[in-house]
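The task is simple: from the sequences and hints, build the whole structure.
Residue numbers (the numbering used here), protein chains in the order written: chain A, 1 to 119; chain B, 1 to 107.
Hints are computed from structural coordinates only; laboratory data are not their basis.
What the simulated footprint calls covered on chain B by chain A, stretch by stretch (three residues with Cβ under 8 Å from a Cβ of chain A suffice, anywhere in the stretch; the number is not a length): (1) 25-37; (2) 81-91; (3) 94-105.
Computed list of lysine-lysine pairs in PhoX-like fashion (alpha-carbon distance at most 25 Å, straight line): (4) B:Lys42 with A:Lys43; (5) B:Lys45 with B:Lys107; (6) A:Lys43 with B:Lys103; (7) B:Lys107 with A:Lys43; (8) B:Lys107 with B:Lys39; (9) B:Lys103 with B:Lys42; (10) A:Lys43 with B:Lys39; (11) B:Lys107 with B:Lys42; (12) A:Lys43 with B:Lys45.
Simulated restraints on C-beta separations: (13) B:Asp70 with A:Thr84: 36 to 44 Å; (14) B:Arg61 with A:Gly42: 24 to 32 Å; (15) B:Lys103 with A:Arg19: 28 to 36 Å; (16) A:Ser119 with B:Ser12: 36 to 44 Å; (17) B:Gly57 with A:Gly55: 31 to 39 Å; (18) A:Ser30 with B:Pro59: 30 to 38 Å; (19) A:Ser118 with B:Leu54: 40 to 48 Å; (20) A:Gly8 with B:Gly41: 14 to 22 Å; (21) A:Lys75 with B:Val58: 30 to 38 Å; (22) A:Gln3 with B:Gly41: 14 to 22 Å; (23) B:Gln55 with A:Ser25: 19 to 27 Å; (24) A:Ser30 with B:Arg61: 35 to 43 Å.
Cβ atoms here follow ideal geometry from the backbone N, Cα and C, with glycine treated the same way.
Take a look at the letters that make up each chain.
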Amino acid sequence: EVQLVESGGGLVQPGGSLRLSCAASGFTFSSYDMHWVRQVIGKGLEWVSAIGTLGDTYYAVSVKGRFTISRENAKNTLYLQMNTLRAGDTAVYYCVREFVGTTNTFDVWGQGTMVTVSS
Amino acid sequence: DIQMTQSPSSLSAFVGDRVTITCRSSQSITGYLNWYQQKPGKVPKLLIYAASSLQSGVPSRFSGSGSGTDFTLTISSLQPEDFATYFCQQSYSIPRSFGQGTKLEIK
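Shown next, in the form of structure tokens:
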């Protein structure tokens, strides 16, 4: 079964750090671009970051310079290091696989991990 | 960056109704447009990809159309399980971007 399982979320004070992990299984992880998408509960979806199969990285303006995406193909794991966290970063963070076919689609989503930034 | 705008932001309809949701991009994305359905407390689910292709397992009452900057998602006959929030998303360029969502509610 194709699966993504996030971990590492929690409560952190403003200015603090967290590292999210996403364990992939059931597919060849190294062959896929991977993304992080976040969602404030009850609100819309916001793309956060992406990493390509060659390790190229991309960030939303709102997190650039504070967040770092990385992958460890040997461990089938995606990471998001989040530093200098702000209240506005509070959201559910989803790990997402992007399938590149006729178009590019977010075809597999993890269950999400909640990040709360509050004092 | 490409901005995605959906309308309406909310919609009330009866079971059996035909409904249409529209999505507009701030620049041409050719056919790189996907639609997702999200039910409360659940993960988004891919419905339509490449503007008009139905994802495997999705009922045929769902359809998509459009190209360039204007797209639509149509549900031909609403079923009780279709009441959810729908998001469009462009995959033409990075940063990827989503519409703000359309919440479909039972009338």
